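There are 2 protein chains.
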Amino acid sequence: MTPKKLRLGVLASGGGTNLQSIIDNCQQQTIDAEIAVVICNNPDAGALARAEKAGRPHLCINHRDFKQREDFDRAVVAALQEAGVELVVLAGFMRIISAAFLEAFPQRIINIHPSLLPAFPGLHVQKKALEYGARFSGCTVHFVDGGVDTGPIIIQAVVPVLDGDTEESLSARILQQEHMIYSHAIQLFAEGRVQMNGRRVQIKGAQDNQSALINPPL
Amino acid sequence: MTPKKLRLGVLASGGGTNLQSIIDNCQQQTIDAEIAVVICNNPDAGALARAEKAGRPHLCINHRDFKQREDFDRAVVAALQEAGVELVVLAGFMRIISAAFLEAFPQRIINIHPSLLPAFPGLHVQKKALEYGARFSGCTVHFVDGGVDTGPIIIQAVVPVLDGDTEESLSARILQQEHMIYSHAIQLFAEGRVQMNGRRVQIKGAQDNQSALINPPL
Numbered sequence: 015m016t017p018k019k020l021r022l023g024v025l026a027s028g029g030g031t032n033l034q035s036i037i038d039n040c041q042q043q044t045i046d047a048e049i050a051v052v053i054c055n056n057p058d059a060g061a062l063a064r065a066e067k068a069g070r071p072h073l074c075i076n077h078r079d080f081k082q083r084e085d086f087d088r089a090v091v092a093a094l095q096e097a098g099v100e101l102v103v104l105a106g107f108m109r110i111i112s113a114a115f116l117e118a119f120p121q122r123i124i125n126i127h128p129s130l131l132p133a134f135p136g137l138h139v140q141k142k143a144l145e146y147g148a149r150f151s152g153c154t155v156h157f158v159d160g161g162v163d164t165g166p167i168i169i170q171a172v173v174p175v176l177d178g179d180t181e182e183s184l185s186a187r188i189l190q191q192e193h194m195i196y197s198h199a200i201q202l203f204a205e206g207r208v209q210m211n212g213r214r215v216q217i218k219g220a221q222d223n224q225s226a227l228i229n230p231p232l
Numbered sequence: 015m016t017p018k019k020l021r022l023g024v025l026a027s028g029g030g031t032n033l034q035s036i037i038d039n040c041q042q043q044t045i046d047a048e049i050a051v052v053i054c055n056n057p058d059a060g061a062l063a064r065a066e067k068a069g070r071p072h073l074c075i076n077h078r079d080f081k082q083r084e085d086f087d088r089a090v091v092a093a094l095q096e097a098g099v100e101l102v103v104l105a106g107f108m109r110i111i112s113a114a115f116l117e118a119f120p121q122r123i124i125n126i127h128p129s130l131l132p133a134f135p136g137l138h139v140q141k142k143a144l145e146y147g148a149r150f151s152g153c154t155v156h157f158v159d160g161g162v163d164t165g166p167i168i169i170q171a172v173v174p175v176l177d178g179d180t181e182e183s184l185s186a187r188i189l190q191q192e193h194m195i196y197s198h199a200i201q202l203f204a205e206g207r208v209q210m211n212g213r214r215v216q217i218k219g220a221q222d223n224q225s226a227l228i229n230p231p232l
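So the protein sequences, as listed, match chains A and B.
Every position in the first sequence, counted from 1, becomes a number in this note's numbering once 14 is added.
Every position in the second sequence, counted from 1, becomes a number in this note's numbering once 14 is added.
In case anyone wonders, no lab produced these hints; they're calculated from the structure.
Hints are not guaranteed to be accurate.
Put simply, identical chains are the same to the list, so a pair is met inside one copy or across any two.
Unchecked claim - Pairs of lysine to any residue, SDA-like flavour, derived with a Cα cap of 25 Å:
id, residue 1, residue 2
1, 218, 185
2, 142, 161
3, 142, 176
4, 141, 211
5, 142, 211
6, 142, 162
7, 142, 163
These numbers come from a predicted model, not from an experiment.
Using the sequences and the hints, build the whole thing.
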């Protein structure tokens with residue numbers, strides 16, 4: 015018997031490379047999930063074309079058509095519920111999630127951010143990491159809460175920052191890890207392995223790995 | 015011909031396990047440095063006993079004997095200069111370094127901090143990292159500047175935070191890396207390989223290592 019697949023609602027505002035990676039993993043059945051709907055707030059979002067090409071349901075709910083943020087959020091929540099979404103996956107979605115939206119999907123909205131949170135929240139984070147002179151950066155899959163990139167952390171990947179790095183080269187190194195950990199996080203939800211302990215997230219059955227990295231290397 | 019050894023002035027307020035690791039590495043000649051003087055601001059500091067046992071010059075300059083912080087700093091700077099110190103190494107030194115002190119040793123004062131800065135500056139950082147639910151923490155050797163743990167980063171080590179971690183177990187995992195990277199940073203100074211590029215520190219001749227870590231592991 016094929017296990018029931020976790021129904022994903024993906025929200026995106028832009029090109030959607032993280033969406034593409036999730037589409038690919040769903041199609042290749044490397045994760046037990048399926049894309050129930052892709053919703054964009056921007057009619058030009060490349061994510062809509064990716065969903066179309068993959069034959070997945072998609073719609074644009076243009077935030078400019080709504081006077082109040084709450085009305086926009088209500089429309090998005092209704093569309094997600096209509097599609098039977100179980101996990102809301104933000105993939106470059108550039109709108110703040112309102113309290114009413116959070117309440118509609120408690121502990122069921124996740125985001126990916128291209129830094130090792132709590133370092134470098136917000137925008138332009140690879141540039142900030144380079145300018146700070148951090149020796150490591152990475153990416154973080156976290157629950158969405160009322161703040162900006164402040165929710166409980168599910169999984170992180172760390173990569174070194176190299177002396178010759180530009181914003182582009184560091185972004186590319188991090189993006190490679192984003193594609194791995196975002197689908198992995200979705201699979202952890204599909205397997206029912208994500209548990210909360212205060213704001214510490216625990217993954218049932220996860221192995222301990224005590225590896226360390228030093229940069230610059232010894 | 016034996017190369018000239020880099021003369022270190024180590025400032026400590028407490029037990030000094032990082033001092034001990036530097037003493038050991040100097041004695042075993044795994045670094046081209048020698049301890050010119052150990053200065054404590056606290057007569058009970060275990061670091062004084064460690065210096066005594068290792069036969070290295072040491073003195074207590076009690077900050078309580080000075081009405082003004084500047085006077086205390088002037089006394090410390092005079093003692094460091096008297097000892098011919100070339101690199102000032104803070105090892106659990108719980109006093110803020112004044113501007114006059116910084117000017118006396120420009121880009122020659124380093125500190126180690128038990129987090130992956132800029133995440134978790136200040137005190138009780140392993141507890142903060144656990145409570146936040148960070149998947150990675152680590153330690154940072156950085157130049158001291160006028161702020162709290164804000165100076166340019168020389169070297170960092172990253173370790174995973176494990177589900178069962180307590181403040182003690184995480185601190186121990188980080189401390190193991192502290193002992194490695196602090197002596198390594200000193201050796202980079204001894205070899206003249208530390209260069210500034212704005213606030214990005216570059217290490218001449220360092221190898222690139224593109225390894226990544228994911229926690230929890232895939």
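Verification of the hints:
{"no.": "1", "hint": "218 x 185", "result": "between (31 Å within a copy, 24 Å between copies)"}
{"no.": "2", "hint": "142 x 161", "result": "both (19 Å within a copy, 18 Å between copies)"}
{"no.": "3", "hint": "142 x 176", "result": "within (14 Å within a copy, 28 Å between copies)"}
{"no.": "4", "hint": "141 x 211", "result": "between (33 Å within a copy, 15 Å between copies)"}
{"no.": "5", "hint": "142 x 211", "result": "between (31 Å within a copy, 15 Å between copies)"}
{"no.": "6", "hint": "142 x 162", "result": "both (16 Å within a copy, 19 Å between copies)"}
{"no.": "7", "hint": "142 x 163", "result": "both (15 Å within a copy, 17 Å between copies)"}
Violation of the numbered hints given earlier is absent; every hint is satisfied by the structure.
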